[in-house]
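**Student:** Each chain is listed here by its residues.
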Amino acid sequence: ETGVTQTPRHLVMGMTNKKSLKCEQHLGHNAMYWYKQSAKKPLELMFVYSLEERVENNSVPSRFSPECPNSSHLFLHLHTLQPEDSALYLCASSPDAPGQVYEQYFGPGTRLTVT
Amino acid sequence: GIQVEQSPPDLILQEGANSTLRCNFSDSVNNLQWFHQNPWGQLINLFYIPSGTKQNGRLSATTVATERYSLLYISSSQTTDSGVYFCAVRIGFQKLVFGTGTRLLVSP
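Heads up: the protein sequence lines correspond to chains G and X, in order. Take the first sequence: its position 47, counted from the start at 1, is 47 in my numbering, and no numbers get skipped. Take the second sequence: its position 29, counted from the start at 1, is 1029 in my numbering, and no numbers get skipped.
Errors might be hidden in some of the hints.
[As the list claims (entries may be wrong)] With a straight-line cut-off of 20 Å between C-alpha atoms, the simulated EDC-like cross-links for lysine to aspartate or glutamate are: (1) Lys40(G) x Glu84(G); (2) Lys22(G) x Glu53(G); (3) Lys1054(X) x Glu67(G); (4) Lys1095(X) x Glu56(G); (5) Lys19(G) x Asp85(G); (6) Lys40(G) x Glu1005(X); (7) Lys36(G) x Glu1005(X); (8) Lys1095(X) x Glu84(G); (9) Lys1095(X) x Glu67(G).
[What the hints assert, rightly or not] Which stretches of chain X does chain G cover? Using the computed rule of at least three CB atoms under 8 Å from a CB of chain G, they are: (10) 1020-1027; (11) 1032-1041.
I should point out that these hints are in silico values taken from the structure, not numbers from a laboratory. Note that the structure is a prediction, hence the values are computed from the model and not measured. For each residue, glycine too, the CB sits at the ideal point set by N, CA and C.
The following block holds chain X by itself, in its conformation from the complex (with noise of 0.2 Å):
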């Protein structure tokens, strides 16, 4: 089946600092997305982004389909962003296939 790696697994910022998100992933697929775990579990909406480059606020993310990954941007990062990020793809009927995840810890 189709594998989703995200990088790096675990990252720790100083508030204020921009950071990178990567999600590789192995097949041709149909749509993606980027969640912004909370600590109390919620899973919250970034980005629905099967091509091409979208910006919201402080975040922004760019996939290159036709190269199999995807990018999360956090500008001046906010303790507030502390969790985990996952991408997510979808292949077939309506099925996502989770990455594997990237921990956030932003210290003030």
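Chain G on its own, in the form it takes in the complex (with noise of 0.2 Å):
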């Protein structure tokens, strides 16, 4: 596997359910990001990892809740979701260190739908 991998691709649940989404990346970066892309909304910065700490967390609801275990891996835990959440959640990732070129790499996404 190259660049950065999402699982699942597309996942539907209800408002009651727990699921998790999983971002891995094989680049070397050491931060991590989750976004959200709505329908004609332009993309959010959810959370942001850099060295497996958090370094921003953009006012998201609790129902989100993130997870960085190391430097390759970041999941996105979700728990009693509302219709309006549904939307594309996108990963990226990105060098962090001085002199490093901060270009940020994205993964497929996971379309989620709750019902």
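Fit the two chains together into the complex; they arrive one by one in their own frames, and the hints show the way.
**Tutor:** Put into structure tokens, the structure is as follows:
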């Protein structure tokens, strides 16, 4: 596997379910991100992790819970979601060290539908 | 916060035509990236271009940071160029702010 991978690619869940999205990067990066893309809206940054520490949390509701066990893996745990949370969830990674180019690379996304 | 506006919002081209997409931003930025989002949602990196001009095949990009804009040129467009083009600017620590996007349809 190369680049950034995400699983599952599609997910349908009820409002009372608990599910997790997984992201894995094979680029040797040490910063990882979750973005949300809703219809007709720009991509919104949700969370940033650098060296497994959360460095940004953009006022995201607590029903979204991120986890970064190591610099290659990032999870987004979902529980008691609302229909308006239906969206494309994108994971990204980038280098994070002085002198490096901070170019972000994205995974293919998980299309989430909350029923 | 910073505003990132793209124009035009929608563009329809005949295959083989050339086009210019524009990205304006309201404040100083650390870098700028251009992406192509294909119909399946994948964001594909086109350029990392905080300033100057770069070319990659039929695509080229120019960023004039002092005037707060960037341009993406597509020459000899192909149907596979269809999708949404986003610019994104980096502000602060690792934070990318995405523009509103240009939706491109190239017809055969």
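**Student:** Confirm or reject each hint.
**Tutor:** Structure-based check of all given hints:
About 13 Å separates the Cα atoms of Lys40(G) and Glu84(G), which keeps this hinted pair within 20 Å; it holds. Only pairs whose Cα atoms come within 20 Å are accepted, and Lys22(G) paired with Glu53(G) is accepted, the gap being roughly 17 Å. With a C-alpha separation of about 37 Å, the suggested pair Lys1054(X) and Glu67(G) falls outside the 20 Å cut-off, and the hint is violated. Proposed proximity of Lys1095(X) and Glu56(G) is supported: the alpha carbons are some 9 Å apart, at most 20 Å.
Between the alpha carbons of Lys19(G) and Asp85(G) the distance comes to roughly 13 Å, so the proposed pair stays at or under 20 Å and holds. Only pairs whose Cα atoms come within 20 Å are accepted, and Lys40(G) paired with Glu1005(X) is accepted, the gap being roughly 14 Å. Distance hint between Lys36(G) and Glu1005(X) is fulfilled; the C-alpha atoms sit about 19 Å from each other, no more than 20 Å. In summary, the hint linking Lys1095(X) to Glu84(G) is not supported, as the alpha carbons are separated by about 24 Å, beyond the 20 Å threshold.
Distance restraint check for Lys1095(X) and Glu67(G): the Cα-Cα separation of roughly 19 Å lies within the 20 Å cut-off, and the hinted pair is therefore satisfied. Counting residues of the stretch 1020-1027 of chain X whose beta-carbon sits less than 8 Å from any beta-carbon of chain G gives 0, not enough to reach three: the coverage restraint is violated. Only when three residues or more bring their CB closer than 8 Å to a CB of chain G does the claim for the stretch 1032-1041 of chain X stand; here the count is 4, and the claim holds.
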